[in-house]
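Visitor: Residues -20 to -1, 1 to 101 (mature numbering (1 follows the signal peptide of the UniProt record, and there is no 0)) are what the sequence shown spells out, left to right.
None of these hints come from the bench; they were simulated from the model. Check before you lean on any hint, since a few could be wrong.
[Claimed, not checked] Label pairs and their computed distance ranges (CB to CB):
hint, residue 1, residue 2, range
1, N8, D98, 24 to 32 angstroms
2, N13, D98, 31 to 39 angstroms
3, C96, N24, 17 to 25 angstroms
4, G95, E14, 29 to 37 angstroms
5, I18, T55, 30 to 38 angstroms
6, G95, G26, 27 to 35 angstroms
7, T39, C96, 19 to 27 angstroms
8, P84, N8, 29 to 37 angstroms
9, G53, G17, 29 to 37 angstroms
10, G26, C96, 15 to 23 angstroms
11, G15, Q100, 17 to 25 angstroms
12, G95, D9, 26 to 34 angstroms
Beta carbons: idealized from backbone N, C-alpha and C, even for Gly.
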Amino acid sequence: MPSILKNLALLALLANLSLAATFAQFCNDLLCNEGCGIAVDVNNPGCLTQFGRKSIKFTGKNFNTVNLIASPGSTCDCQTYCEGAIVQNAIFQQDNCFVIRSDPVAQSFRFIDGGCPDDQC
(Lines of atoms letter the chains of each structure in order from A and count residues from 1; the text may use other names and numbers.)
(Lines give C-alpha, C1' and ligand atoms only; values in the text may rest on other atoms or scores of the structure.)
Protein backbone atom coordinates (compact mmCIF):
# COMPACT_ATOMS: atom_id res chain seq x y z
CA MET A 1 0.00 0.00 0.00
CA PRO A 2 2.76 2.57 0.76
CA SER A 3 4.18 2.13 -2.76
CA ILE A 4 0.79 3.05 -4.23
CA LEU A 5 0.78 6.25 -2.17
CA LYS A 6 4.32 7.05 -3.31
CA ASN A 7 3.32 6.53 -6.93
CA LEU A 8 0.27 8.75 -6.53
CA ALA A 9 2.37 11.46 -4.91
CA LEU A 10 4.91 11.23 -7.74
CA LEU A 11 2.15 11.49 -10.36
CA ALA A 12 0.70 14.55 -8.61
CA LEU A 13 4.14 16.19 -8.53
CA LEU A 14 4.75 15.48 -12.21
CA ALA A 15 1.32 16.82 -13.13
CA ASN A 16 2.06 20.07 -11.30
CA LEU A 17 5.45 20.41 -12.99
CA SER A 18 3.96 19.88 -16.43
CA LEU A 19 1.39 22.62 -15.79
CA ALA A 20 4.18 25.14 -15.16
CA ALA A 21 5.22 25.25 -18.82
CA THR A 22 4.31 27.90 -21.34
CA PHE A 23 4.35 26.96 -24.99
CA ALA A 24 4.75 29.27 -27.97
CA GLN A 25 3.75 28.82 -31.60
CA PHE A 26 4.96 31.28 -34.25
CA CYS A 27 2.14 32.16 -36.68
CA ASN A 28 1.87 33.74 -40.14
CA ASP A 29 -0.88 36.27 -39.37
CA LEU A 30 -1.39 39.02 -36.76
CA LEU A 31 -4.18 37.13 -34.97
CA CYS A 32 -2.39 33.83 -34.22
CA ASN A 33 -4.77 31.85 -36.41
CA GLU A 34 -2.94 31.03 -39.64
CA GLY A 35 0.03 28.78 -40.29
CA CYS A 36 1.02 28.33 -36.65
CA GLY A 37 4.07 26.12 -36.23
CA ILE A 38 5.07 23.50 -33.70
CA ALA A 39 4.65 24.50 -30.06
CA VAL A 40 7.96 25.09 -28.26
CA ASP A 41 8.59 25.45 -24.53
CA VAL A 42 9.61 29.05 -23.74
CA ASN A 43 11.98 27.71 -21.06
CA ASN A 44 14.16 26.32 -23.87
CA PRO A 45 16.62 29.09 -24.89
CA GLY A 46 17.42 27.51 -28.27
CA CYS A 47 17.43 29.49 -31.52
CA LEU A 48 14.22 29.44 -33.59
CA THR A 49 14.45 30.45 -37.25
CA GLN A 50 11.03 31.96 -37.91
CA PHE A 51 11.55 34.52 -40.70
CA GLY A 52 8.34 36.15 -41.92
CA ARG A 53 6.26 35.22 -38.88
CA LYS A 54 3.93 37.92 -37.56
CA SER A 55 2.70 36.68 -34.19
CA ILE A 56 3.26 34.21 -31.38
CA LYS A 57 0.47 32.22 -29.73
CA PHE A 58 1.12 31.38 -26.07
CA THR A 59 -0.59 28.60 -24.14
CA GLY A 60 -0.04 27.39 -20.60
CA LYS A 61 1.45 29.27 -17.69
CA ASN A 62 4.89 30.32 -16.57
CA PHE A 63 6.18 31.72 -13.31
CA ASN A 64 9.25 33.41 -14.77
CA THR A 65 9.75 36.56 -16.78
CA VAL A 66 10.05 35.49 -20.41
CA ASN A 67 11.73 37.80 -22.90
CA LEU A 68 11.90 37.45 -26.68
CA ILE A 69 15.30 38.12 -28.27
CA ALA A 70 15.21 38.95 -32.00
CA SER A 71 18.16 38.56 -34.39
CA PRO A 72 18.58 39.78 -37.98
CA GLY A 73 20.29 36.55 -39.12
CA SER A 74 19.04 32.98 -39.06
CA THR A 75 21.34 31.79 -36.23
CA CYS A 76 20.57 34.14 -33.30
CA ASP A 77 24.11 35.50 -33.69
CA CYS A 78 23.33 38.94 -32.23
CA GLN A 79 20.43 40.81 -30.70
CA THR A 80 18.53 43.46 -32.69
CA TYR A 81 15.91 43.97 -30.01
CA CYS A 82 14.40 42.37 -26.94
CA GLU A 83 10.72 42.31 -26.04
CA GLY A 84 10.65 42.20 -22.26
CA ALA A 85 8.23 40.39 -19.98
CA ILE A 86 5.92 39.07 -22.70
CA VAL A 87 4.78 36.29 -20.38
CA GLN A 88 5.00 37.12 -16.67
CA ASN A 89 3.17 35.37 -13.85
CA ALA A 90 0.31 34.63 -16.21
CA ILE A 91 -2.32 31.94 -16.30
CA PHE A 92 -3.97 32.14 -19.69
CA GLN A 93 -7.69 31.44 -19.83
CA GLN A 94 -7.37 31.04 -23.58
CA ASP A 95 -4.62 31.34 -26.17
CA ASN A 96 -2.79 34.64 -25.90
CA CYS A 97 -1.51 36.30 -29.07
CA PHE A 98 1.63 38.47 -29.18
CA VAL A 99 2.34 40.53 -32.33
CA ILE A 100 5.99 40.51 -33.46
CA ARG A 101 7.54 43.85 -34.44
CA SER A 102 7.86 44.32 -38.19
CA ASP A 103 10.70 46.86 -37.89
CA PRO A 104 13.49 46.00 -37.55
CA VAL A 105 12.99 42.71 -39.39
CA ALA A 106 14.13 39.61 -37.52
CA GLN A 107 14.86 36.15 -38.94
CA SER A 108 15.47 34.23 -35.73
CA PHE A 109 14.29 34.38 -32.14
CA ARG A 110 14.97 32.86 -28.76
CA PHE A 111 13.29 33.07 -25.39
CA ILE A 112 15.28 33.96 -22.29
CA ASP A 113 14.49 34.25 -18.60
CA GLY A 114 15.21 37.36 -16.54
CA GLY A 115 15.84 40.79 -18.03
CA CYS A 116 16.63 42.05 -21.50
CA PRO A 117 20.34 42.47 -22.25
CA ASP A 118 21.57 45.41 -24.35
CA ASP A 119 21.23 45.17 -28.13
CA GLN A 120 24.49 44.21 -29.90
CA CYS A 121 23.73 44.43 -33.63
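Visitor: So does N13 sit 31 to 39 angstroms from D98, Cβ to Cβ?
Guide: Holds, at about 34 angstroms.
Visitor: Take a look at whether the Cβ-Cβ distance between G95 and D9 falls inside 26 to 34 angstroms.
Guide: With a Cβ separation near 30 angstroms, G95 and D9 satisfy 26 to 34 angstroms, so the hint holds.
Visitor: State, for the Cβ atoms of G53 and G17, whether the hinted interval 29 to 37 angstroms holds or is violated.
Guide: Check failed, 19 angstroms falls outside 29 to 37 angstroms.
Visitor: With respect to the beta-carbon atoms only, verify the hint that G26 and C96 lie 15 to 23 angstroms apart.
Guide: The hinted range 15 to 23 angstroms holds for G26 and C96, with Cβ atoms some 18 angstroms apart.
Visitor: Holds or violated: 30 to 38 angstroms for the Cβ distance of I18 and T55?
Guide: 19 angstroms Cβ-Cβ, so the 30 to 38 angstroms window is violated.
Visitor: Just tell me: holds or violated, for the beta carbon distance of P84 and N8 against 29 to 37 angstroms?
Guide: violated (19 angstroms)
Visitor: Using the beta carbons of G95 and E14, state whether their distance is inside 29 to 37 angstroms or not.
Guide: holds (32 angstroms)
Visitor: So the hint says 24 to 32 angstroms: do the beta-carbon atoms of N8 and D98 match that?
Guide: Given a distance of about 30 angstroms, which is inside 24 to 32 angstroms, the answer is holds.
Visitor: So the hint says 17 to 25 angstroms: do the beta-carbon atoms of C96 and N24 match that?
Guide: holds (18 angstroms)
Visitor: Starting from the hint 17 to 25 angstroms, judge whether the C-beta atoms of G15 and Q100 obey it.
Guide: Violated, at about 30 angstroms.
Visitor: If I claimed the Cβ atoms of T39 and C96 lie 19 to 27 angstroms apart, would that claim hold in this structure?
Guide: holds (23 angstroms)
Visitor: G95 and G26, beta-carbon distance inside 27 to 35 angstroms?
Guide: violated (19 angstroms)
When held up to the earlier numbered hints, the structure conflicts with 5, 6, 8, 9, 11 and fits the remainder.
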